Amino acid sequence: MAPSLEEPVQIDLNAPLKAAPKLVAPEPEHCPGPESEQAGVADNCAGCPNQKICASAPKGPDPDIPVITERLASVRHKILVLSGKGGVGKSTFSTMLSHAFASNPNLTVGLMDTDICGPSIPKMMGVEEETIHVSAEGWEPVWVSENLGVMSVQFMLPGRDDAVIWRGAKKNGLIKKFLMEVRWGEMDMLIVDTPPGTSDEHLSVNSFLKSSGVDGAVLVSTPQEVSLLDVRKEIDFCRKAKIPILGIVENMSGFVCPGCKHESQIFRASTGGAKRLAADEKIPFLGAVPLDPRIGMACDFGESFLDAYPESPACKAIRHVVRRVAEEIGMQGDVLEGDE
Amino acid sequence: MPLENIRHIVLVLSGKGGVGKSSITTQLALALSLQGKSVGVLDIDLTGPSIPRFFGIEESRVKQAPGGWIPVEVHAEQTLPLTQHAIANANGSTHEKEQEQGQGTHVGALSCMSLGFILPNRGDAVIWRGPKKTAMVRQFLTDVLWPELDFLLVDTPPGTSDEHISLLETLLKTTAGTSQLAGAVVVTTPQAIAISDVKKELNFCAKTGVRVLGVVENMAGFVCPNCSECCNVFSKGGGEVMATEFHVPFLGSVPIDPAFVMLIEEGVRPRYPKGTVAGGKALVEREEGVESKEGLLVDKYRECSLAPVFEGFVGRLVADVEGRTRV
Numbered sequence: 285m286a287p288s289l290e291e292p293v294q295i296d297l298n299a300p301l302k303a304a305p306k307l308v309a310p311e312p313e314h315c316p317g318p319e320s321e322q323a324g325v326a327d328n329c330a331g332c333p334n335q336k337i338c339a340s341a342p343k344g345p346d347p348d349i350p351v352i353t354e355r356l357a358s359v360r361h362k363i364l365v366l367s368g369k370g371g372v373g374k375s376t377f378s379t380m381l382s383h384a385f386a387s388n389p390n391l392t393v394g395l396m397d398t399d400i401c402g403p404s405i406p407k408m409m410g411v412e413e414e415t416i417h418v419s420a421e422g423w424e425p426v427w428v429s430e431n432l433g434v435m436s437v438q439f440m441l442p443g444r445d446d447a448v449i450w451r452g453a454k455k456n457g458l459i460k461k462f463l464m465e466v467r468w469g470e471m472d473m474l475i476v477d478t479p480p481g482t483s484d485e486h487l488s489v490n491s492f493l494k495s496s497g498v499d500g501a502v503l504v505s506t507p508q509e510v511s512l513l514d515v516r517k518e519i520d521f522c523r524k525a526k527i528p529i530l531g532i533v534e535n536m537s538g539f540v541c542p543g544c545k546h547e548s549q550i551f552r553a554s555t556g557g558a559k560r561l562a563a564d565e566k567i568p569f570l571g572a573v574p575l576d577p578r579i580g581m582a583c584d585f586g587e588s589f590l591d592a593y594p595e596s597p598a599c600k601a602i603r604h605v606v607r608r609v610a611e612e613i614g615m616q617g618d619v620l621e622g623d624e
Numbered sequence: 062m063p064l065e066n067i068r069h070i071v072l073v074l075s076g077k078g079g080v081g082k083s084s085i086t087t088q089l090a091l092a093l094s095l096q097g098k099s100v101g102v103l104d105i106d107l108t109g110p111s112i113p114r115f116f117g118i119e120e121s122r123v124k125q126a127p128g129g130w131i132p133v134e135v136h137a138e139q140t141l142p143l144t145q146h147a148i149a150n151a152n153g154s155t156h157e158k159e160q161e162q163g164q165g166t167h168v169g170a171l172s173c174m175s176l177g178f179i180l181p182n183r184g185d186a187v188i189w190r191g192p193k194k195t196a197m198v199r200q201f202l203t204d205v206l207w208p209e210l211d212f213l214l215v216d217t218p219p220g221t222s223d224e225h226i227s228l229l230e231t232l233l234k235t236t237a238g239t240s241q242l243a244g245a246v247v248v249t250t251p252q253a254i255a256i257s258d259v260k261k262e263l264n265f266c267a268k269t270g271v272r273v274l275g276v277v278e279n280m281a282g283f284v285c286p287n288c289s290e291c292c293n294v295f296s297k298g299g300g301e302v303m304a305t306e307f308h309v310p311f312l313g314s315v316p317i318d319p320a321f322v323m324l325i326e327e328g329v330r331p332r333y334p335k336g337t338v339a340g341g342k343a344l345v346e347r348e349e350g351v352e353s354k355e356g357l358l359v360d361k362y363r364e365c366s367l368a369p370v371f372e373g374f375v376g377r378l379v380a381d382v383e384g385r386t387r388v
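Order-wise, the sequence lines are chains A and B. Quick note on my numbering: the first sequence kicks off at 285 and runs consecutively. Quick note on my numbering: the second sequence kicks off at 62 and runs consecutively.
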């Protein structure tokens, strides 16, 4: 039976980075975190009702991290897809990245969705109705094709429209569970799709994956300054968290009217767009993908845009970006099938 | 009570990111202000605050005062002169129009509060875990010295997590027994992907007992400025179907208007190709090479093609919210 998130929760999702001590009061604002090294002894802990409990809790590195590292040891490359802004196409880009890599029959690709409150990956991959299979060795990802596996919180929800109203600590527990339990097996590529922002999910993914080695992050942005503003924050986050940045992709750049072929900038790059940002921040610019209504439609129907419209300009742009990503992580030879 | 100056609180929610919550919040605020209401905007998107950028007040800083923070003022209560365009349109010169000309438009005061006004550097990341975010949201609700407000619009981050839980916990506690918390406007885009996330948000509202004032479908269609053909970049009609399915009111669809993006990004007064008509009104024509950046945002917004659309939304919202309060 698939594990369900319906209350009461069957798996212990309350365990954050490591089993947190049972607290008598909510964590205060400047709490160093009940599972941190300074729990109970930091200056901020003075006067906290939890101080004694935290101080006496076992300290040291999370015992589960070696488990995660071992699980993911057989995964060769791990890529994070990040953006400070929502709705810029992180999930769309993640699915296209995985479809593109999986179009090479010699590669096995995994796609993990860490957006717990708004998981879109299952729908975009056309596997919305699936549930997780649990075997003795762990949870089995849902296989979209022979060499493309997907994991998302959506597979564990009883109803498709149910809201997951969780605070950070609980979400961290689930992400950890994902990394510990899912049997990815022998894989060339694991793509991790993230929610917007720079918060719990991102910190957790980073701390859990640190010791297994992340190749880097691909940042997605749209051309307008409102979006670049948030992406700048994400770059700052990557630098602070020491995540290598593979490069930045500009999505929805330019729209070609299907009627008159006139190209308009729906989201105007008034400050030079992602290219300028990449140059300013000295990170690679991976390419620009034009806005094509068919991309959204392909996602709505759970089909691969790359297979459906291989000749469209958007598809060519995406393939270019994927090749650049492969270059950045140092993959050798022809990565994409049908490369010229 | 910290929120006692405020008559109605309206949340702007969406399960999906980038659907235009901040853009809708901005326009609702401008439209309310144009109807003479005094409006406050509270941005609780802590990791990606966009409200300062939308109102063009990124450089502003919050002032400390005894007892709390003073929100940043966008414009004070005042009377705007009639636009050139409106005067030109009123050449029929009926009695009503004459009166309008004499009076101009009375706009209510508009002020904002966002974490963006507190950060030392606009590129700085706010890397916070849940408890810290909770504390910040609470502080925003309790320590901001709002002036006398008719409406407080709360712009939220995407999802149903820490910020939302804290916001509602605090609001439900402080406004218990009153009708201050009017409800939520839920924003979506027409594609199925966005709709499936926004449905989660509607369920969130149902679970927490927040009334849904209406669904707004944003980015519905884009009119090519070259051939004036409307193209559904992100498909169409999804928002209305969803609203019917969940038995909540559907406020309407908002098309993509590049002139609005220009207004926000560069402060350029909206201008349209000759003969563009929106909501039965002819829009201001574009003169080649003339770009005006003068004037208040609210003044320029009056000439945007989206202004009549939002005028309609706000009319319905105000009637709904105020009708309920009186009962």
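Hints were generated in silico from the structure; no laboratory data involved. Please note that a few of the clues may not be correct.
With a straight-line Cα cutoff of 27 Å, these simulated DSS-like cross-link-like pairs (lysine-lysine) come out [claimed, not checked]: (1) B:Lys98 <-> A:Lys454; (2) B:Lys361 <-> A:Lys336; (3) B:Lys268 <-> A:Lys524; (4) B:Lys361 <-> B:Lys98; (5) B:Lys234 <-> B:Lys268; (6) A:Lys526 <-> A:Lys494; (7) A:Lys461 <-> A:Lys526; (8) A:Lys454 <-> B:Lys361; (9) A:Lys494 <-> A:Lys461; (10) A:Lys454 <-> B:Lys268; (11) A:Lys545 <-> B:Lys297.
This one's a predicted model, so the numbers in the text were calculated from it and none came from an experiment.
Now the hints, each set against the structure:
1. B:Lys98 <-> A:Lys454: violated, 41 Å
2. B:Lys361 <-> A:Lys336: Given that 27 Å is the threshold and the Cα spacing comes to 59 Å, the pair is violated.
3. B:Lys268 <-> A:Lys524: The given pair, whose Cα atoms are some 37 Å apart, is violated under the 27 Å limit.
4. B:Lys361 <-> B:Lys98: holds, 18 Å
5. B:Lys234 <-> B:Lys268: holds, 16 Å
6. A:Lys526 <-> A:Lys494: Satisfied, since the Cα-Cα distance of roughly 9 Å is no more than 27 Å.
7. A:Lys461 <-> A:Lys526: Holds: Lys461 of chain A and Lys526 of chain A sit about 23 Å apart, inside 27 Å.
8. A:Lys454 <-> B:Lys361: violated, 46 Å
9. A:Lys494 <-> A:Lys461: holds, 16 Å
10. A:Lys454 <-> B:Lys268: holds, 19 Å
11. A:Lys545 <-> B:Lys297: Cα-Cα ~21 Å, so holds.
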